[in-house]
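Put the two chains together into one complex, using the hints given.
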Amino acid sequence: MNFSVVTSQFWPLLINGLAVGLIYVLISLGYTMVYGVLRLINFANSEIFMVGTFATVIVTRDVFHYTSAHDALHGWKLIASLLLLLIASMLFSGVTAVLVELVAYRRLRSKGTNRLASLISAIGTSIMISEGVRILTKSAPVPTPRLLSKFNLFTIGSVAIRIDTFMVIIAAALIFFLVDRFVTKTLLGKAIRAVSMSEETSKLMGINLNRVISATFLIGGLVTGAAAFLYMQVYENTVFNIGFNLGLAAFTAAVLGGIGNIRGAFYGGLTLGLFEQFASAVIGGQWKAVTVFTVLVLVLLFRPNGLFGEAIQQSRV
Amino acid sequence: MANLKNINLRDKGANLWEGWDRPKRTAFVVILIALVGLLPYGGNFSFTSILNTPSSSYQAVLVYPVGMFVLMALGLNVVVGKSGLLDLGYVAFFAIGGYTAGLLSEHTHLNTWEILPIGMAAAMFAGVLLGLPTLRLRGDYLAIVTLGFGEIVRIVALNTQSIGASTGIASIRTPPKTFGLQFDIMHSNSYFWVVLAMILLVIWMIRRFTVRRPGRAWEAIRQDEDVAILMGVPILRYKVWSFCIGAAIGGAAGVIFASKTQYVAPNMFTFNVSVLILSCVVFGGMGNMWGVILGGVILAYLPERIRFISNARQLVFGITLVVIMNLRPDGLLPRKKREKLGAAKKAGENV
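Here the protein sequences come in this chain order: A and B. With this note's numbering applied, the first sequence corresponds to residues 1 to 317, in that order. With this note's numbering applied, the second sequence corresponds to residues 1001 to 1351, in that order.
With the rest of the complex left out, here is chain B (with noise of 0.2 Å):
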């Protein structure tokens, strides 16, 4: 156990980054942006269908789950790995933005693009009803709250006539032609590089927090609230915008899978999403970007490519919480611990 420990692959991947020049660096995540841009025709060669799913369209599972998964896991991550909140409803972020692309595609004649600021905003603003009054609250009290918040949606969503109570929200209008992509059910590719650029764009959002003030912020409120509140960190504050955006991820993930599957109904919004994406989360390395996408494509993918697990799959994922946390609590790819060993290398220097 304790060499499976030791194994970081984060820091060398790291070091090998820091390795390397600015152009290198370029050339590097262009040409990973190509690889990841090309994949939903991987089903097309005889050497990669492999990556072929039994029982659904390969280009379709690109989208949803895996894709859907990655970026909610990345906004999770926001929440769970930065700041240490242990969100239990952030699925209720995913429902408030799918029914807002239902019902104003239903009653406006805004199209999808026009409806993701207004989804984000309406997760963003739930985010801070919700936030405002139990962010006050200790770690586990924050988890039943959310978890019943989560349920709390469904079941306002289950029961509302006006939003179509248990049959949710049909025909919800495909996003328009742009670009020259069309975005229907036969064109599952454009959607996944719609993802894929929502993907980017939030790690580098995050890339960019994390290094200034509110990624310090939520660093310091993650290991210790007291301490962060005794050096002046407006704790309420920064957990309220980490909530926020974690909110705003999701709200955004469910605005494109509304306009996906062109229907929402609230069984799909049920907490055991929210599981999903929390064993995406930890599964990968809470805190650690790069393994919370690994995470995430694992956790979406193997299901869908080996057919017994998806029955299952709700099982495996209990079972990951447990296993991950008690052998190898930092998962797959563990947050960067170059730090902490630097800093003990130079304190051993000077003494």
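Just chain A, with the same shape it has in the complex (with noise of 0.2 Å):
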């Protein structure tokens, strides 16, 4: 126990607090928005993510032919290479979730058979994806080159903020915003909602049930597929189970926030990413992932709409 880091690291805590709860804010898209419509967790998500930082090694070590002994770019060529990276890796984990949808629900779903079925066939699929990875890799980490050098962008205070965080930081609040404005503003967005609400009535409207599933998973894909990319600029190593600790507490993230809920995620994914590095400064690294835990336990037990209440729920997806 350490309280004392806690005022003399404050600001860079609070940074790198920032960037982490705003990845756990774009996995926990992924898990939000398929409970909106599904009432399901989507327990495949954290295989998604994991298949987009694979994605992102695979394009950038075996597309673009960068090695870890190259120079780091610069320019109009560096922007390039991350957009192209991005959309990759987007790209993979939206038709992983595609797929994940169409092998582990729709089946089910069409048949309309309990919850527990549901839950074993996600989580069959879950299994089966890192399994996969993990036969083809060896069960070893790897790593991806390094494509932007990290240097000190500017200093508030004390604190150098590294580019890289900055990036984090800047894109994935974009990346945030563009889900939502386009969940409340587009047609399809306004379908998610609906089917959330009422999957019967939303039927009775004539919108296209499975289509709108579908593009939700894709969604909520390309998000953890975003989040994915820019956890990889920030830590260059992924490994086929990545994804179960980033995953449970994304989940967790999602509940705080009141599951189903777009803009409880975003508090819910900042406010977890903060608690956590602050307690694992105090209490050590090595028990994060039961920090989580007990948040979720304490949140399901005390708060289980979430955080933030019945304000927030009005909005849900």
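No wet-lab data here; the hints were simulated from the structure. Check each hint, because a few of them may be wrong.
Said to hold, decoys possible - Mimicking SDA-like on lysine to any residue, the simulated pairs with C-alpha atoms at most 20 Å apart in a straight line are:
1) 111/A x 1159/B
2) 138/A x 1310/B
3) 288/A x 1326/B
4) 138/A x 1165/B
5) 190/A x 214/A
6) 138/A x 1270/B
7) 288/A x 1165/B
8) 288/A x 1315/B
9) 111/A x 1312/B
10) 138/A x 1155/B
11) 1177/B x 1160/B
12) 138/A x 1311/B
13) 288/A x 4/A
14) 138/A x 1308/B
15) 138/A x 236/A
16) 288/A x 274/A
17) 288/A x 1270/B
18) 111/A x 1326/B
19) 288/A x 1177/B
20) 111/A x 1327/B
21) 190/A x 288/A
22) 190/A x 204/A
23) 138/A x 1018/B
24) 185/A x 167/A
25) 138/A x 1315/B
26) 288/A x 1271/B
27) 138/A x 1224/B
28) 138/A x 1159/B
29) 288/A x 1159/B
30) 138/A x 1329/B
31) 288/A x 111/A
32) 138/A x 1109/B
33) 190/A x 206/A
34) 111/A x 1224/B
35) 288/A x 1330/B
36) 138/A x 241/A
To be verified - Simulated coverage check for chain A against chain B, where a stretch passes if three residues somewhere in it have a Cβ under 8 Å from a Cβ of chain B:
37) 100-109
38) 117-128
39) 147-157
40) 226-238
Ideal placement from N, C-alpha and C gives every residue a C-beta, glycine not left out.
In structure tokens, the structure reads:
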């Protein structure tokens, strides 16, 4: 226990907490949006994230042929590479998410079986993906070549902000803003919200349920893929079970904000990211997963609708 | 596909069983138990040597994984199959049993048989601790909380120096010589018979539970919680009970496992074990004991027998879960359908 770090390291912890929190926000959208339409936890979302991290590595290494010996990129080449990587990672994750829906949920949904069957089928799909990758990578962690030379961009007060942290914060906030606009303003977004309010009524209104559910999985997957790309730019390493702890944390973030609620996920992710950073500075990083889990159980016990209660519940997906 | 669904070996077996009188049933059970008890010798004769496993000793495989997984699958079946609560952290109870055995063997002079009830009690206590707050939650929340719990127990074991951190606890004592049976690495058969005895005990216990009040309460909770509440079933109490019984069986398995391998370490108790046991339950048929036993035997034994599966074992289990849920959600041997059919027939006659 070392409480003095909270004051002495306040600014770096705050900035890191923001960056981690925003990554959680993006992953938790994959949980929260699917929960909104299906009322089921998207157990494979952690694997969708994992696929995104590997997509980043594969495209950097095998398509762009960058190696770790490669000099860092500059100028337009850097920006173009990063953008292409972001798109590739999003696409891989998005396609995986749509496939997950087809394999794990669709048939069971059309038969109208009980929830237990869908849950087990989703868990099976998740294990299939992560084990497939484990066998392919022989359980070894896979590094990605560094594209971005990590210099300090500027300093606020006493803390230097590194370019990758800065990029994560700006990009993640921007992506979240776009998703939020999409869901509230477009026709498809409206359809998604309608399905999440009432499946029956939206069917009667002529909404193609299967299409909307696929679209929801796609959007959730795209956003999770973006999170995977951003994560890889900061941490530069991935492994087959990387999604396990991140997935649990992102799910906790979704529950914190009230699951099914997009804006809630934003606050939930930030709260959890900051809390986790400060807590692990105080009690040690190896207890991070335990902290997150404790938060999850406490929230489910005392505020199962999320920390922010009914006011935000109105703006459910 | 329709034909595949209508095959119900379980009902055929049950019909046969019900046609027999008492002596016939007793004889059948005695012969069955004797045959299973003789399984460790199966590797010795040329006509049964097909049972032999290539990479590890056949007698050891019968104890772990086969016997252990059947035992744990029976325990998890109480939770998942009977009461419909998806527990994804079952390995936690196994780990608690194993670590209790390790710690008590290190710090006290208790032997395995004295540790066994303590290990079960510790696992049950953990079951109550986890169950009381979380069993109020809806099904999918419960799944993710138990998933987290299983991982937390491992992480706590990994980060606590006093219980050996990543190296775990070594040189756990084997059970003392009991009824002329010796327990050590050379005598896997003794362990097999102990595990078999435990399995028989659990089968007997669950059969008793199923026909009595707890069994009916679990069935009601599984079918529809709201209706169960309306009918006055104290659902939280029975859920916690089902959790505890499952935990106790997992804890017992953990104690025996620890005394067999003589050491425990955090990396033995990963999420994979939970998945494996869940696969046994789902593959064989949730809620039906004989199906679960069959599922446990097949899924534990085949990867040992067929070498190329053993690396891709988890992958096979993942696929099993998806395929079984989509094509035959009741598993290989589904739970009783006869009551339903009988009821339908009666209703038909009355009309």
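Evaluation of the provided hints:
Of the pairs offered as hints, the one joining residue 111/A and residue 1159/B is violated, with about 45 Å between alpha carbons and a cut-off of 20 Å exceeded. With a C-alpha separation of about 14 Å, the suggested pair residue 138/A and residue 1310/B falls inside the 20 Å cut-off, and the hint holds. With a C-alpha separation of about 36 Å, the suggested pairing of residue 288/A with residue 1326/B is violated against the 20 Å cut-off. With a C-alpha separation of about 25 Å, the suggested pairing of residue 138/A with residue 1165/B is violated against the 20 Å cut-off.
With a C-alpha separation of about 15 Å, the suggested pairing of residue 190/A with residue 214/A holds against the 20 Å cut-off. Only pairs whose Cα atoms come within 20 Å are accepted, and residue 138/A paired with residue 1270/B is accepted, the gap being roughly 18 Å. For the proposed pair residue 288/A and residue 1165/B, the alpha carbon gap of about 16 Å is at most 20 Å, so the pair holds. Restraint check for residue 288/A and residue 1315/B: not satisfied, since their Cα atoms lie roughly 28 Å apart, outside the 20 Å limit.
For the proposed pair residue 111/A and residue 1312/B, the alpha carbon gap of about 30 Å is over 20 Å, so the pair is violated. As the CA atoms of residue 138/A and residue 1155/B are separated by approximately 23 Å, the hinted pair breaks the 20 Å bound. Proposed proximity of residue 1177/B and residue 1160/B is contradicted: the alpha carbons are some 33 Å apart, above 20 Å. A hinted pair counts as satisfied when its Cα atoms are at most 20 Å apart, and residue 138/A with residue 1311/B qualifies at roughly 10 Å.
With a CA separation close to 18 Å, the supplied pair residue 288/A and residue 4/A stays within the 20 Å bound. A distance of roughly 15 Å separates the Cα atoms of residue 138/A and residue 1308/B; the hinted pair therefore holds under the 20 Å criterion. Annotation: proposed proximity of residue 138/A to residue 236/A holds, straight-line Cα distance about 18 Å (limit 20 Å). This hinted pair checks out: residue 288/A and residue 274/A have alpha carbons roughly 12 Å apart, not beyond 20 Å.
For the hint pairing residue 288/A with residue 1270/B, the CA-to-CA distance comes to about 17 Å; that is within 20 Å, so the pair holds. Annotation: proposed proximity of residue 111/A to residue 1326/B holds, straight-line Cα distance about 9 Å (limit 20 Å). Between the alpha carbons of residue 288/A and residue 1177/B the distance comes to roughly 45 Å, so the proposed pair goes past 20 Å and is violated. In summary, the hint linking residue 111/A to residue 1327/B is supported, as the alpha carbons are separated by about 11 Å, within the 20 Å threshold.
Distance restraint check for residue 190/A and residue 288/A: the Cα-Cα separation of roughly 38 Å exceeds the 20 Å cut-off, and the hinted pair is therefore not satisfied. Between the alpha carbons of residue 190/A and residue 204/A the distance comes to roughly 15 Å, so the proposed pair stays at or under 20 Å and holds. For the given pair, residue 138/A sits about 52 Å from residue 1018/B by alpha-carbon distance, which is inconsistent with the 20 Å threshold. Proposed proximity of residue 185/A and residue 167/A is contradicted: the alpha carbons are some 26 Å apart, above 20 Å.
A distance of roughly 13 Å separates the Cα atoms of residue 138/A and residue 1315/B; the hinted pair therefore holds under the 20 Å criterion. This hinted pair checks out: residue 288/A and residue 1271/B have alpha carbons roughly 18 Å apart, not beyond 20 Å. Annotation: proposed proximity of residue 138/A to residue 1224/B is violated, straight-line Cα distance about 44 Å (limit 20 Å). Restraint check for residue 138/A and residue 1159/B: not satisfied, since their Cα atoms lie roughly 26 Å apart, outside the 20 Å limit.
A hinted pair counts as satisfied when its Cα atoms are at most 20 Å apart, and residue 288/A with residue 1159/B qualifies at roughly 11 Å. A distance of roughly 32 Å separates the Cα atoms of residue 138/A and residue 1329/B; the hinted pair therefore is violated under the 20 Å criterion. As the CA atoms of residue 288/A and residue 111/A are separated by approximately 40 Å, the hinted pair breaks the 20 Å bound. The suggested pairing of residue 138/A with residue 1109/B is violated, with an alpha-carbon distance near 43 Å, which exceeds 20 Å.
Annotation: proposed proximity of residue 190/A to residue 206/A holds, straight-line Cα distance about 13 Å (limit 20 Å). Distance hint between residue 111/A and residue 1224/B is fulfilled; the C-alpha atoms sit about 18 Å from each other, no more than 20 Å. A distance of roughly 39 Å separates the Cα atoms of residue 288/A and residue 1330/B; the hinted pair therefore is violated under the 20 Å criterion. For the proposed pair residue 138/A and residue 241/A, the alpha carbon gap of about 12 Å is at most 20 Å, so the pair holds.
Check on the stretch 100-109 of chain A: 4 of its residues sit with their Cβ under 8 Å from a Cβ of chain B, so the three-residue criterion for coverage holds. Only residues whose beta carbon comes within less than 8 Å of a beta carbon in chain B count, and the stretch 117-128 of chain A has 11; three or more means the coverage holds. Chain B is given as covering the stretch 147-157 of chain A, and this is violated because 0 residues of the stretch bring a CB closer than 8 Å to a CB of that chain, at least three being needed. Counting residues of the stretch 226-238 of chain A whose C-beta lies closer than 8 Å to any C-beta of chain B gives 0; at least three are required, and the coverage claim is violated.
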